[in-house]
Amino acid sequence: MADIPPRIPPRIPPRIPVRRTYKLYVGGAFPRSESGRSYPVTSSAGVHLANAALASRKDVRDAVVAAREAFPGWSGRTAYNRGQILYRIAEMMEGRRAQFADEVAAAEGVSAGRAQAIVSAAVDRWVHYAGWADKFGQVLGGANPVSGPYFNLSQPEPTGVVGVFAPPGSPLLGLVSVLAPVITCGNTAVLVASERAPLPAVTLAEALATSDLPAGVANILTGRLAELAPPLAGHADVNALDLTGAGALAAELEALAATTLKRVLRPGQDDWADPDPGLSRIRPFVETKTVWHPIGR
Amino acid sequence: MPDTIPGSLRSYLHGLPGVDEVGVRRRAADLATRSIKTTAKRAALDLAIRMVDLTTLEGADTPGKVRALAAKARRPDPADPTAPPVAALCVYPDMIGVAAQALAGSGVGLASVATGFPAGRTPLEVKLADTRAAVAAGATEIDMVIDRGAFLAGDYGKVFDEITAVKAACGDAHLKVILETGELVTYDNVRRASWLALHAGADFIKTSTGKVTPAATLPVTLVMLEAVRDYRAATGRQAGVKAAGGIRTAKDAIRYLVLVKEIAGDDWLDSAWFRLGASTLLNDLLMQRTKLGTGHYGGPDYYTID
Amino acid sequence: MEIFEYAPAPESRSIVSIRPSYDLFIDGEFVEAKSDERIVTVNPADEEPLAEVAAAGEADVERAFAAARRAFERVWSPLPGAERGKYLFRIARIIQERARELAVLESLDNGKPIKETRDVDLPLVAAHFFYHAGWADKLAHAGLGPARPLGVAAQVIPWNFPLMMLAWKVAPALATGNTVVLKPAETTPLTALAFAEICQEADLPPGVVNIVTGAGDTGRAVVAHPDADKVAFTGSTEVGKQIARAVAGTGQRLTLELGGKGANIVYEDAAIDQAVEGIVSGIFFNQGHVCCAGSRLLVQESIAEELLARLRARIERLRLGDPLDKNTDIGAINSAAQLARIRELAAAGEAEGATGWSPPCPLPERGYWFPPTVFTGVTQAHRIAREEIFGPVLSVLTFRTPEEAVAKANNTPYGLSAGVWTEKGSLMLWTASRLRAGVVWSNTFNVFDPASPFGGYKESGYGREGGLLGLEAYLNG
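Residue numbers (this note's numbering), protein chains in the order written: chain A, 1 to 297; chain B, 1001 to 1306; chain C, 2001 to 2477.
If you're looking for bench data, these hints aren't it; they were derived computationally from the structure. Among the hints, a few may not be true.
[As the list claims (entries may be wrong)] Straight line, CA to CA, 25 Å or less: simulated BS3-like cross-link-like pairs of lysine-lysine: (1) B:K1291 <-> B:K1251; (2) A:K58 <-> A:K23; (3) B:K1037 <-> B:K1065; (4) B:K1037 <-> C:K2408; (5) B:K1211 <-> B:K1291; (6) C:K2086 <-> C:K2034; (7) B:K1251 <-> B:K1037; (8) C:K2138 <-> A:K135; (9) B:K1291 <-> B:K1037; (10) C:K2408 <-> C:K2424; (11) B:K1291 <-> C:K2034; (12) C:K2424 <-> B:K1251.
None of these values were measured; they are calculated from a predicted model.
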């Protein structure tokens, strides 16, 4: 046996990991809050995880502008193309499983196996809605047999810019479950992530940014619900609100929405584990347009 | 004299605004709900009688029948001398002589169909000879048919040239151009044929021969009335419209008058500018007229059958 | 020679008998109101009083909701759908049988021409009940899952199509198993009360339909009632917003059918004569008292002059006057208040620099009248281009490109209706797909059908009435 050199302690320290900065996602970019603020995010066990951007009213405004700008392009895509992009989001999420699972486990305090299952369900939700993109119109619309020489067709169209309050208790699966249906049918979204557990939302934003989803279709804000919700609910250029995660603010926000008659999805009994949400979250965010045309020679 | 149409006839006619079938039917149906009562009805019935081209166009027509109709044209209601005479008597060319004699001095016009009526499938020389013969025999009005085959094939020049040639052959006689709208099928075609005939010099455009179903309808007549209205606005020349075939009741006739009034305007509410080509219609007009005067409904036994 | 002018052709009033005074219809009976307040409804064509009706107070509204709740729980929701449907079929038939009477009554109370009540309103009212009757036993096939009725619906309707709006509200509510408390408009309560009689004639179980007459206070009491499971309102956007605010946090379901400022886009290749008809029908149908009126004409510059010349000539033929005359095209404005509003906005149009035109058109001395009016030289900034006038006043704007037409059409907080006139199919579909409006009429205007969903985008409200989608508003999916 050859001599083995004596083991000596390394002189260079082990590699320092590069930490992520958790930023907002607005108009396809990842800005910090214009306010320059951030807030500490802890795990369900109270361990500090990271600082998240603390968005402001002005960030809400910027996000609405980005969502409005993106609306004509996104709603003008073919349904098939939107479906392809949604499927691409599922692919991108799948590729970041480990990261999502870690964040879910930390945020929800669940086992690694349970976290994996939640990530799987979230990925599958995108796949589910990817398939809806070119079908909901057929289910919700159709020809109406009017009593006259007219062709009469009803078709659902996206409502426009939708303000979404993601459920606080389900920071990944709940988040995907409210965001996906809104953009599936051609709306653009300004989403306020779970205040307590925003990190999966930021990671999702990073997946969205690499999945061919046009800039501004989904805009994700992190911060205080009480600060962000009223300006979003009162913004005249927002067409609808999903109040699922609005908690105690829901009634106040619904009243604010009345100022410009926004469509409102009220908080309800949601089972995020249900693999078939169907059209229940698409219906509230589409408008039915009915077109008449004479039939003659 | 035909007008000058800028550019090609085809691009001109196809440049006319389209006609939406459902819309034109809706408008006609709406106007058909006009309620014409009391004094308005009296005026309408007399006006309608004055506008009648009392027509017999049967292979079995006899001189006797034509003479009977001529008498009726002059004095439609033997029991009521206040009933006005009709506008004209309309016959086949071989009956012109008989009719002219029977109508002499009455002021009632004498219309003859010509140009190979009703199909129009004869050579141009024959059509012109037919026309000249009718005029020579005493016809004051010529009801010609267009070559629908040429029109539908898009040979607008041929149709245009035939009309101008027949118009020249008419001399002083008035020319009514029958579009035979039942064969043109679409309202776009009716509009194009109307403008084509007007530019070619038609004094009247007429819906139908009465030999094809459908004959006159309210929507078709509406489109033709729009054409003469717009043609006058564009050129300054006023032309008339004749609705012919299928108009059997006074109620129908009054609906046509409403159409004339509301689409073309009051300027057309005169037998010089609107005609109803009919045979049995006259008796119903007379019957309604009597009912309005006496308050009692009449019966067919009290009016002459022809 | 006598000139052929239309003689008066009045529809007989004798077919209707109007009582001098009406009570509330609650629990299947006409009952005296606890409130002492009364309202007089007048004939807007001559300002003569037609009848006096109760103005229901809170106690009356309370009683109506109690009756509706009782009927919902004990009778109506347990009733098999097929049997519910038979009641609606029965109602539809009685409406057809009494159509002329109801048409005359509507014309008297509302001021709209008999031609429209007879040929448009009443046929649609009957059709609406007929259509929904057939749904009652087929709700499982509506694609809404195992659907359950909501309960008691509070419904407030406007004065522009009194009986038709009642039908649009009551028929779907009843077909889906709900009961209703309905408040007709203050100025047009009479056909709703006649409908109450029809409910009796049909032996509809007491409490299924309750009708409380009154003005704004009654309406507020109805929509704010805590026992309403559903609020359905048709009327102004302003009131709609108040209701939406009041309903916030209550969990009550809400549908709103509100105002509009519909654009009627005429491209240069349009079938011009039918476009003129569509423009006329779009703004002068029902005196322009139509939420989906085509009150903004957007005409392509290249044909603007010709189109307007034709439009003026056509408008000159409109016959304004006695609503009961069968040849009347334009009737009376519904109320003094509405007339004042129309006058104010028309004056604003002149003051802001637009040019108004009306045909020579003598107005009757008594009653509320406004001549058909066309404003040219209108810009997007003018009040008459932005605010709903709800009268026979058309604002004309021009455009050059399809993009400009669509941008102008959508440049409003409203989004109820729009029109497109072109003979080019692809341009029609291009335009229709970009218009932010719930109903797009292409090469036609102001046609309605119970099978066709109706309702708006944006501030024109939410929810749809009619068709399969209309059922959704009255069911828990």
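Can you list which hints this structure breaks, lowest number first? Numbers 3, 4, 5, 6, 11, 12, in rising order.
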